[in-house]
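Going down the list, the sequences are from chains A and B.
Here our numbering is used: position 75 in the first sequence is 75, and no number is missing along the way.
Here our numbering is used: position 243 in the second sequence is 321, and no number is missing along the way.
Careful: at least some of the hints might be erroneous.
With a straight-line Cα cutoff of 20 Å, these simulated PhoX-like cross-link-like pairs (lysine-lysine) come out [what the hints assert, rightly or not]:
no., chain 1, residue 1, chain 2, residue 2
1, B, LYS167, A, LYS65
2, B, LYS303, A, LYS29
3, A, LYS50, B, LYS325
4, B, LYS202, B, LYS236
5, A, LYS50, A, LYS77
6, B, LYS270, A, LYS65
7, A, LYS29, B, LYS270
8, B, LYS167, A, LYS55
9, B, LYS270, B, LYS215
Source of the hints: derived by calculation from the structure; they are not laboratory data.
Just so it is clear, the structure is predicted and the values come from calculations on it, not from any experiment.
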Amino acid sequence: METNILKTLNDIFISVFKDKTLKINLDTKQTDIPLWDSLNNIVLISEIEKIFNVKFSLDDIYELKSVQDIVNIIKRKK
Amino acid sequence: MSNSDFSDYIKENLFNFYNFLGEKTSSSVINTNFYSSIINHDSFWPNMVFNIKNNTAVEIISQQKNKQNIPPFLLIHSSDQIDYNLLEKKNFRILAQWKGMAINIYNTDFSFLETNKLKVLKLKKENFNIWTKIVEKELFNGKKLDENLFKKISASDKIIIYLGYANNKPVATCLTYIDNDIPGYYMISTRKEYQNHGFGSYITLNAVYDSYKTGYKTGILQATKDAYNMYARLGFKNFDYFNIFWKL
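Looking at chain A on its own, in the form it has when it is part of the complex:
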């Protein structure tokens, strides 16, 4: 399940950050991607919510710092 989530997430990251070379893994942190600021974080979350059919809470968004955090939230909500 985690591998599938990561694969889909990678496609979303490529689309949001418009970088075809982007390769994320569970260790990827917000600070590793220069364009992953708070504004793009919201764009990213909106795409993730659409594709995975989940809803991030205010606390989820506030605490989110890494790909691992995103995967954990998706797994918890699916």
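Starting from the structure of chain A, add chain B where the hints point.
Relative to chain A, chain B alone:
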């Protein structure tokens, strides 16, 4: 002095700073019975809807936003009686949280300044570009700021702008806005390659020390999550928070 007094100082300083920017620069401030807003089309900052009175205000803002009349950013203070479910329903998403902090200037330990690890100077005319570029990159992830806005406000005795030099290189920034004898510290940033060396602490403490020399008793700031511990170590205490929402 009670906690709510400090919270009021923190809120008032920020709101009055926005109003001051409206008076002194090309930023437009609108004050209504339901909310206030500041917008500047040449700059990413200070575009914000603030002083949001109630849920009706959220409804009105939500409608206004569709007409592109006001900024997409909403500043909600912890004391505001706003229904967060309504914000979510209106498609506002939380972007960040700022902790409102205040410091007792008279009780502050300024010994860290003896390290002289940074040479801090009041900003000179020819360095506004450098200062703005550092703030733009480090606080706003490269989004454009209006250098002229800072030039204009720097003429006021309510404003002090600092630039910190390490080994003769400009590396850190700070801006003090003084309102009703309360200095507020804003735009505190350090160039990425110079972070984690205490330069942010130093330039902040230097500004607080200037406030001490002038005779001010209380200083305030709004801290991002990443900077919170640094300010706490200097003696700032947390009294409230602001949530910033954005509508996609």
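Now the hints, each set against the structure:
1. Using a Cα cut-off of 20 Å, the hinted pair B/LYS167 and A/LYS65 is violated, with the two alpha carbons roughly 25 Å apart.
2. Restraint check for B/LYS303 and A/LYS29: satisfied, since their Cα atoms lie roughly 16 Å apart, inside the 20 Å limit.
3. Restraint check for A/LYS50 and B/LYS325: satisfied, since their Cα atoms lie roughly 16 Å apart, inside the 20 Å limit.
4. A distance of roughly 16 Å separates the Cα atoms of B/LYS202 and B/LYS236; the hinted pair therefore holds under the 20 Å criterion.
5. The suggested pairing of A/LYS50 with A/LYS77 holds, with an alpha-carbon distance near 13 Å, which does not exceed 20 Å.
6. Using a Cα cut-off of 20 Å, the hinted pair B/LYS270 and A/LYS65 holds, with the two alpha carbons roughly 18 Å apart.
7. Between A/LYS29 and B/LYS270 the CA atoms are separated by roughly 16 Å; this keeps the pair inside 20 Å, and the hint holds.
8. For the suggested pair B/LYS167 and A/LYS55, the alpha carbons sit about 12 Å apart, so the restraint of at most 20 Å is met.
9. Our distance criterion of 20 Å between C-alpha atoms is met by B/LYS270 and B/LYS215, whose separation comes to about 9 Å.
In the structure shown, a violation is registered for the earlier hint numbered 1 alone.
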